[in-house]
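J.: Kindly produce the complete structure, drawing on both the sequences and the hints.
These protein sequence lines map, in sequence, to chains A and B. Mapping to this note's numbering: the first sequence position 153 is 153, numbers consecutive. Mapping to this note's numbering: the second sequence position 40 is 1040, numbers consecutive.
It is worth saying that the hints were derived from the structure and are not from the lab. Remember, it's a predicted structure, so these values are computed and weren't measured experimentally. All C-beta atoms in this analysis are idealised placements derived from N, C-alpha and C, irrespective of residue type, glycine included. Treat the hints with care, as some may be off.
Unchecked claim - Stretch by stretch, here's where chain A covers chain B in the computed footprint (C-beta under 8 angstroms, at least three residues): (1) 1044–1051; (2) 1116–1122; (3) 1150–1158.
To be verified - The calculated lysine-lysine pairs, modelled on DSS-like cross-linking and capped at a C-alpha distance of 25 angstroms, are: (4) A/K3 x A/K137; (5) A/K46 x B/K1081; (6) A/K46 x A/K137; (7) A/K46 x B/K1011.
Stated by the list, open to error - Over the 12 angstroms line for every Cβ pair with chain A, so calculated as not near, a few chain B residues: (8) R1024; (9) P1057; (10) W1059.
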Amino acid sequence: MAKLLRVTLVGRGVSAVAAMEEELAGEVCRAIWRALPIEGPAFHTKSAMTEVSTLVPPIARRPLPLVNPTIFPIPGDLLYFWYPSSYFAALPESTWEQARRTGMARVAYYYGRNNYLVSQLGPSPGTIFATIQEGLKELARASLDAFRSGIEGERLRYERVT
Amino acid sequence: MAAYVELALLKRGVRARAVLLEDRAPLTCAAVLEGLPLQGGVYHARFASNEIYFLTPPWTPAPLPVENPTVSYDRGDLMYKYFPPYYWAAGDPAVRPQWRRTGMVDLAYWYAPHNMPFNPTGMWPSTNYGRVVEGLDELAAAGDDVFRRGASGEVMRLTRID
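T.: Quick look at the structure:
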């Protein structure tokens, strides 16, 4: 049976449950599972459409391979990204030093359709490592609310379901 | 003599002054001047990056051609973009009937550089018809604040300055 993890917008107290895609993204799934819980400030995309994510220090000692990649995530997909230290142009003060030192991982979920991961650098694929099984509708509503009424102060948490 | 408009975010109490680029976008500038005052509920982009906009039903007898077209908007640029009926009826349910009947005009300003008006249908060039000349720092800060604290309840208004 697939391992389950919980995705929570902490401030809004809304969760969904996702199943790890170990058969498709084994190495990334194992690294993420070991690193859980992962929590950080929630950030809404300005370019990928319906994405909420958090930027955290690297979860593995070296960059993980890009497996099970997509630039077209669908509702309920959970994606893992990694950026080298040279990637960042601007970040909040609190994150900047860490990012310049180690690079950063980013863990995102997609709450609606028409997502499209293309940046000024071209296609920017991430690894689909899990898919939401339960609670997507509620999480989608809370995510849109976060976008419309302000995501500042909101936190995003990923944790094991035991 | 150049024509100017006031761009205001009513809830945040921010006002800026913009010059219309009548030599580069004559039809659009004439139409905007004729249509003023214009206002509507504010949205933050989810594809195009640092764009703050409102939607209003088209007020000209026929869609305007794209003038002074660009896809590389800079901080302080004003944008006019016509979308045909049904184009984004999947967006805010509050304006869906209007989308279906008439399409919408998207009137925007850009509060930071490095934008990418690019969605799954490709690049969408639009008309750059004005440029903020006074109050840009406050307007840009307000744009970032809309992103962080939410667009909900904010109203953007364009009025003529004689």
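J.: Please go over all the hints and tell whether each is borne out by the structure.
T.: Hints and how they fare:
Judged by the Cβ-Cβ criterion of 8 angstroms, the stretch 1044–1051 of chain B is covered by chain A as claimed, because 7 of its residues qualify and three suffice. Remark: the stretch 1116–1122 of chain B is confirmed as covered by chain A, as 4 of its residues place a Cβ nearer than 8 angstroms to a Cβ of that chain, reaching the required three. Given as covered by chain A, the stretch 1150–1158 of chain B passes the check, having 3 residues with a CB less than 8 angstroms from a CB of that chain where 3 are the minimum. A threshold of 25 angstroms between alpha carbons decides the hint, and for A/K3 with A/K137 the separation of about 21 angstroms falls inside it, so the pair holds.
Among the hinted pairs, A/K46 with B/K1081 is consistent with the structure: their alpha-carbon atoms are about 19 angstroms apart, no more than 25 angstroms. For the given pair, A/K46 sits about 21 angstroms from A/K137 by alpha-carbon distance, which is consistent with the 25 angstroms threshold. Pair hint A/K46 plus B/K1011 holds up; C-alpha atoms about 22 angstroms apart against a cutoff of 25 angstroms. With a least beta-carbon separation of about 25 angstroms from chain A, B/R1024 lies farther than 12 angstroms from that chain, consistent with its non-interface assignment.
Against chain A, the non-interface label of B/P1057 holds: every CB pair exceeds 12 angstroms, the least being about 22 angstroms. With a least beta-carbon separation of about 26 angstroms from chain A, B/W1059 lies farther than 12 angstroms from that chain, consistent with its non-interface assignment.
Going down the numbered hints, you'll see the structure goes against none, and every one checks out.
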